[in-house]
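Visitor: What follows is the residue order along each chain.
Number of protein chains: 2
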Amino acid sequence: MVYKFRKENKEEPERKFRIKAVLLDIDNTMIPTSSFAKIARTCAIDSLLLGGLQVDREVLMEKLNHIIKKYGSNYPGHFDILLEELHVPKPLRSKLVAKAVIAYHNAKQILLPYPDVPATLYELKRRGHKLYAVSEGISKKQWEKLIRSNIDNILDGAFMTEDYNIQKQPEFYEIILNKIKVHAKQCVMVGDRVEKDIIPAKSIGIHTVRVLTGAYKDRTSNVDADYKIKKFSEILKILPLLEKKLSKGV
Amino acid sequence: MVYKFRKENKEEPERKFRIKAVLLDIDNTMIPTSSFAKIARTCAIDSLLLGGLQVDREVLMEKLNHIIKKYGSNYPGHFDILLEELHVPKPLRSKLVAKAVIAYHNAKQILLPYPDVPATLYELKRRGHKLYAVSEGISKKQWEKLIRSNIDNILDGAFMTEDYNIQKQPEFYEIILNKIKVHAKQCVMVGDRVEKDIIPAKSIGIHTVRVLTGAYKDRTSNVDADYKIKKFSEILKILPLLEKKLSKGV
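Note that the protein sequences, when read in sequence, are chains L and R.
The opening position of the first sequence corresponds to residue 1 in this note's numbering, with each subsequent residue numbered one higher.
The opening position of the second sequence corresponds to residue 1 in this note's numbering, with each subsequent residue numbered one higher.
It is possible that some hints are incorrect.
Under 8 Å between C-beta atoms, here's a sample of chain R residues computed to sit facing chain L [as the list claims (entries may be wrong)]: (1) Ser-94; (2) Lys-95; (3) Val-97; (4) Val-101; (5) Ile-102; (6) Lys-140; (7) Ile-147; (8) Arg-148; (9) Ile-154; (10) Asp-156; (11) Thr-161; (12) Asp-163; (13) Gln-167.
Below, computed lysine-lysine pairings styled on DSBU-like, alpha-carbon distance capped at 30 Å [what the hints assert, rightly or not]: (14) R/Lys-185 x L/Lys-90; (15) L/Lys-70 x R/Lys-141; (16) L/Lys-90 x R/Lys-130; (17) R/Lys-69 x L/Lys-141; (18) R/Lys-130 x R/Lys-69; (19) R/Lys-181 x L/Lys-90.
Quick caveat, the hints were computed from the structure, so don't treat them as lab data.
Note that beta-carbon positions come from the ideal geometry of N, C-alpha and C, so glycine has one too.
Sequences are here, hints too, so could you generate the full structure?
Guide: Take a look at the structure:
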């Protein structure tokens with residue numbers, strides 16, 4: 001058995017048409033954020049139970065999910081509301097919230113990308129593509145995910161909607177193309193959400209690849225991606241196909 | 001050499017007068033919070049330098065301290081302001097803030113009490129005193145300190161001003177005495193700050209011990225504590241003296 005690592009200096013077919021830039025969604029495309037958030041929340045709930053709260057674990061989880069849905073995942077007081085709703089009196093509530101927050105943050109220390117992501121990114125770089133994370137959300141929180149999961153240094157850059165006071169709409173993708181000085185036709189967007197990652201990018205001529213991961217994998221849409229893949233690493237097969245097709249002027 | 005741990009079942013002189021409760025300030029009395037905060041900030045500053053920011057380390061530290069003084073230590077955006085003041089553009093700023101926040105939180109994982117604190121607390125408990133943390137500040141942040149430094153389970157309880165919409169004023173100490181059902185004369189307050197820990201407690205008849213630690217150790221005051229100690233563990237010598245004195249009706 002031969003030890004396999006990333007391949008160096010592999011022979012490449014000459015490419016007439018070049019995809020210069022690959023835009024990459026973060027949440028549930030490169031990093032299984034939802035799964036890790038669920039783990040962190042479960043740790044927090046368990047710390048409340050260990051702290052003496054006598055409420056059924058499933059009930060707590062359900063209530064917490066409801067609160068997160070109502071106030072948004074970036075709201076900083078989920079556990080305060082949870083314990084308020086359970087009528088836990090203030091001094092005890094503060095202690096339990098502290099326990100939950102510590103457990104949540106301890107769990108958050110571990111944030112790994114999908115296992116095939118780093119090797120795929122290195123291979124894409126080796127083939128000469130520029131790589132940019134493209135994400136909707138609070139900029140420093142998104143950067144925190146890239147840094148904690150050790151992806152940040154592989155990328156050539158990242159674009160977060162918050163920094164441009166915009167959402168993942170066609171104008172955002174226009175801004176990115178202007179910044180990186182690449183034409184839409186030389187660019188691919190990879191993401192898991194049709195409405196955010198595929199439709200707006202496609203509308204301005206960017207090629208699109210949809211990764212069928214996370215909660216949106218079964219969503220159907222009239223406008224869909226040019227390619228669909230089940231695993232992130234399949235992008236390595238898709239890009240040469242796309243470049244070949246474009247070279248032929250199809 | 002004999003292995004020394006906390007003493008169990010040691011003979012105690014019979015005490016006619018009992019100090020029933022010991023109230024204990026947290027910051028810089030039981031936990032050297034200021035030192036740990038300084039370490040965490042230094043780690044954060046270093047992460048900015050490692051992230052490529054080319055500003056003198058001392059200048060960054062000075063600017064950060066100025067911002068913390070201006071906005072208060074609990075303001076959540078110190079590093080955002082620091083980088084804004086240095087005119088770091090928004091997308092890069094978010095990345096650097098994320099790096100600083102990660103470094104700060106990683107450093108915060110480690111929070112130890114003064115080395116003599118746990119053994120002293122165990123010995124006070126063994127002698128039959130009830131122990132309560134008494135602190136000004138955001139309740140869940142203060143609980144976080146007690147939990148992280150592993151003091152929370154030794155204490156009989158904790159009172160944080162935020163839970164009572166009050167500051168460390170005489171009324172707060174009155175509330176505590178009512179809650180724990182102990183008379184002021186059967187109670188000692190231990191703290192490092194004359195204005196917060198000593199004067200208001202003393203004004204309602206609580207005995208007071210001042211620990212000469214932290215930034216306030218050289219502060220002089222017209223009204224001062226009944227006893228001053230240099231190390232937290234000296235409370236173990238002070239309490240029997242106090243009880244003896246009170247038994248004699250001095």
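Visitor: The structure should be examined with respect to each hint, and the outcome stated for every one.
Guide: Here is how each hint holds up against the structure:
| no. | hint | in the structure |
| --- | --- | --- |
| 1 | Ser-94 | holds (3 Å) |
| 2 | Lys-95 | holds (5 Å) |
| 3 | Val-97 | holds (5 Å) |
| 4 | Val-101 | holds (7 Å) |
| 5 | Ile-102 | holds (6 Å) |
| 6 | Lys-140 | holds (5 Å) |
| 7 | Ile-147 | holds (6 Å) |
| 8 | Arg-148 | holds (7 Å) |
| 9 | Ile-154 | violated (14 Å) |
| 10 | Asp-156 | violated (13 Å) |
| 11 | Thr-161 | violated (11 Å) |
| 12 | Asp-163 | holds (5 Å) |
| 13 | Gln-167 | violated (16 Å) |
| 14 | R/Lys-185 x L/Lys-90 | holds (28 Å) |
| 15 | L/Lys-70 x R/Lys-141 | holds (25 Å) |
| 16 | L/Lys-90 x R/Lys-130 | holds (21 Å) |
| 17 | R/Lys-69 x L/Lys-141 | holds (25 Å) |
| 18 | R/Lys-130 x R/Lys-69 | violated (36 Å) |
| 19 | R/Lys-181 x L/Lys-90 | holds (19 Å) |
Figure legend: structure checked against the earlier numbered hints; hints not met, in rising order: 9, 10, 11, 13 and 18.
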